[in-house]
Amino acid sequence: MRRSSKGQIEMNETLLVVFFIVLIIAIGSLLYYRYFMETAKTQVEELSEQEMSVLLASITEMGEIRCGQGDCIDTSKIIPFSNVIKAHSAYYNADLGFKKITLEIVYPASEHNKAPCDLRAYQQSMYPNNCGFYTLYENEPKQAKKAITVGSPVSIYYPETDEYRIGRLKIESYA
Amino acid sequence: MRKGQSETMGLLVIVILFIVIGMIYLRFRLADTGNDYGDVRNSIEANNLLKAVMKLKIGGIDVNEMIWSCHEEADKCRILERELDSAFKSSLSERLNFGYVLKANELEILRFGECSLGMVGSFIAVRDGVVFESRLTLCNK
Numbered sequence: 006m007r008r009s010s011k012g013q014i015e016m017n018e019t020l021l022v023v024f025f026i027v028l029i030i031a032i033g034s035l036l037y038y039r040y041f042m043e044t045a046k047t048q049v050e051e052l053s054e055q056e057m058s059v060l061l062a063s064i065t066e067m068g069e070i071r072c073g074q075g076d077c078i079d080t081s082k083i084i085p086f087s088n089v090i091k092a093h094s095a096y097y098n099a100d101l102g103f104k105k106i107t108l109e110i111v112y113p114a115s116e117h118n119k120a121p122c123d124l125r126a127y128q129q130s131m132y133p134n135n136c137g138f139y140t141l142y143e144n145e146p147k148q149a150k151k152a153i154t155v156g157s158p159v160s161i162y163y164p165e166t167d168e169y170r171i172g173r174l175k176i177e178s179y180a
Numbered sequence: 656m657r658k659g660q661s662e663t664m665g666l667l668v669i670v671i672l673f674i675v676i677g678m679i680y681l682r683f684r685l686a687d688t689g690n691d692y693g694d695v696r697n698s699i700e701a702n703n704l705l706k707a708v709m710k711l712k713i714g715g716i717d718v719n720e721m722i723w724s725c726h727e728e729a730d731k732c733r734i735l736e737r738e739l740d741s742a743f744k745s746s747l748s749e750r751l752n753f754g755y756v757l758k759a760n761e762l763e764i765l766r767f768g769e770c771s772l773g774m775v776g777s778f779i780a781v782r783d784g785v786v787f788e789s790r791l792t793l794c795n796k
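In the order they appear, the protein sequences are chains A and B. As numbered in our numbering, residues 6 to 180 make up the first sequence, in order. As numbered in our numbering, residues 656 to 796 make up the second sequence, in order.
For reference, chain B alone in the conformation it holds in the complex (with noise of 0.2 Å):
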């Protein structure tokens, strides 16, 4: 009777630390729910960005008319890729990287950076019937 005893509360407290450890588990399962906030962060981060970039001047022209060149002439893209490369580089925090599209009409004009895949900001202009989109994508490092 004794030894049967013993041996019932030997299984009850096994049991009774099983149930201790699985509830610490699950604690530390269910309070991992991520970070929202980072990507909100990002999203302004491109969307400020890319108003800031729109109002520049380089070398004395403005960046929306670097755009239009570059409709025209697809020479006048690498210039406004360099110079735009330059600024976003200069401008994103270190733990960012960029990438940056833009289409005329739906079509793609230019596109170069590392990110395809993030928060994205864009901002859109008309001029002559043709709707220029720009967007800029930044994802971490």
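Isolated chain A, as found in the complex (with noise of 0.2 Å):
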């Protein structure tokens, strides 16, 4: 064979090897790209998830709604503090951002526990079995992608009857 054919046979084979190793090193910097983009978003959730704890146990220790003696929160102090948000939206909108907080009764559980306690099912007699759940705040973005959602249960107290049931506390937190 001639010598430079032999040389440019053996310089193609060099540019072929050089390409394909370039293009492992190319898929394998793709890979790691995502999978680090992948990871950095869990790292996100987790903390907005940890977030949404220390603001899940600071609403329970809230004298708002707190009761006075225990843990536990005071139903009758849930619909005038709601009512307090609502008339101070912007404050709270800012400071809470986009989530939605509802204490939902689970035990016993209400007969109706798809029907809101807002201040109409307060009023009748039935309450408070005639309602399923209270929201304390609500601030849905107009197109909300994922919401994420963190909960604890916690003992509630109704001051009306006298009596103790088992809520569970949810905040929703829109992405």
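Read the hints as simulated data drawn from the structure, not as lab findings. In this text, a Cβ means the ideal position worked out from N, Cα and C, and glycines have one as well. Check the hints yourself; a few may be wrong.
[What the hints assert, rightly or not] Pairs of lysine to any residue residues, derived as SDA-like cross-links and limited to a Cα-Cα distance of at most 25 Å, are as follows: (1) B:Lys-731 - B:Val-781; (2) B:Lys-710 - A:Lys-11; (3) B:Lys-758 - B:Val-775; (4) B:Lys-706 - A:Glu-165; (5) A:Lys-175 - B:Asn-702; (6) B:Lys-712 - A:Ala-126; (7) A:Lys-175 - B:Asn-795; (8) A:Lys-11 - B:Ile-669; (9) A:Lys-175 - B:Val-775; (10) B:Lys-706 - A:Val-155; (11) A:Lys-150 - A:Ser-58; (12) B:Lys-796 - A:Val-155; (13) A:Lys-175 - B:Gly-773; (14) A:Lys-11 - B:Gln-660; (15) A:Lys-105 - B:Leu-751; (16) B:Lys-710 - A:His-117; (17) B:Lys-796 - B:Gly-754; (18) A:Lys-150 - A:Asn-98; (19) A:Lys-175 - B:Lys-758; (20) A:Lys-105 - B:Ser-748; (21) B:Lys-710 - A:Gly-75; (22) B:Lys-744 - A:Asn-118.
[Said to hold, decoys possible] So these bits of chain B aren't anywhere near chain A, every CB distance computed over 12 Å: (23) Ile-676; (24) Ile-779; (25) Val-786.
The task is to assemble the complex, starting from two chains supplied on their own in separate frames and drawing on the hints.
So, in structure tokens, the structure goes:
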């Protein structure tokens, strides 16, 4: 074989090898980048969850809705408190952002657990058996993409009937 | 000489390739540090639920009174088990299972539920010199 042809073949071989190596490195870099972005997203979600857990704990300790004694939420304070939030929505929206905070009665559950516990329900004689949840705060964006939800059981107290039930305090945060 | 050079270069490239792959592998391996936060959340949930359950009245009877009755008469433990089982199942999030143990002066008098290992919440009450300990264990389904 002529020297120049042999050299060309060898050069082509080298170029091919270099090309495949660069391709492998490029694919590896792409995979790494995608993995890195997924990890970063997961960490953002975890931090959001932690932030909401701290908020959850602070809500149960708020003097505005807490029982006078003991670890519980006084349901008679919830409706006035949610009215205060609505009246000062600009302040609370800036503070809490796009979230929905609800308190669901889970045990013993009400027969009407889909009905909201609002002023109308409160004024009926069947209260609290005529409703299933309280909405403390709601600020949903127009185009809600995904909600991260954290919740915790809490003791809830009804001074009207002097009874305790178990509720689930839930915070949904919109991305 | 040329052949030797090209072969050396080829070997060098392979070594560099292995190093790059090894670095990417190590990055994947070392990044998985696990998540302790789920355990913290379960522990908080267990404690909160236990505190809430202890305040309940079931059929007009305090849960603490039912615990005392269970200690006095073994038959009463079935009623307590049924009611607490219902309360826990209704109150816990769907991703969790539970296990409950009731002890009187370190002696186990009631146990039910699927979890024996997991995050634990406990509640202690004393009555007439008897120390009652309720332990709620939560584990992921």
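Right, here's what the structure says about each hint:
no., hint, verdict
1, B:Lys-731 - B:Val-781, "19 Å, holds"
2, B:Lys-710 - A:Lys-11, "90 Å, violated"
3, B:Lys-758 - B:Val-775, "14 Å, holds"
4, B:Lys-706 - A:Glu-165, "21 Å, holds"
5, A:Lys-175 - B:Asn-702, "17 Å, holds"
6, B:Lys-712 - A:Ala-126, "23 Å, holds"
7, A:Lys-175 - B:Asn-795, "19 Å, holds"
8, A:Lys-11 - B:Ile-669, "23 Å, holds"
9, A:Lys-175 - B:Val-775, "22 Å, holds"
10, B:Lys-706 - A:Val-155, "19 Å, holds"
11, A:Lys-150 - A:Ser-58, "21 Å, holds"
12, B:Lys-796 - A:Val-155, "17 Å, holds"
13, A:Lys-175 - B:Gly-773, "23 Å, holds"
14, A:Lys-11 - B:Gln-660, "15 Å, holds"
15, A:Lys-105 - B:Leu-751, "23 Å, holds"
16, B:Lys-710 - A:His-117, "23 Å, holds"
17, B:Lys-796 - B:Gly-754, "12 Å, holds"
18, A:Lys-150 - A:Asn-98, "18 Å, holds"
19, A:Lys-175 - B:Lys-758, "32 Å, violated"
20, A:Lys-105 - B:Ser-748, "18 Å, holds"
21, B:Lys-710 - A:Gly-75, "10 Å, holds"
22, B:Lys-744 - A:Asn-118, "16 Å, holds"
23, Ile-676, "7 Å, violated"
24, Ile-779, "15 Å, holds"
25, Val-786, "21 Å, holds"
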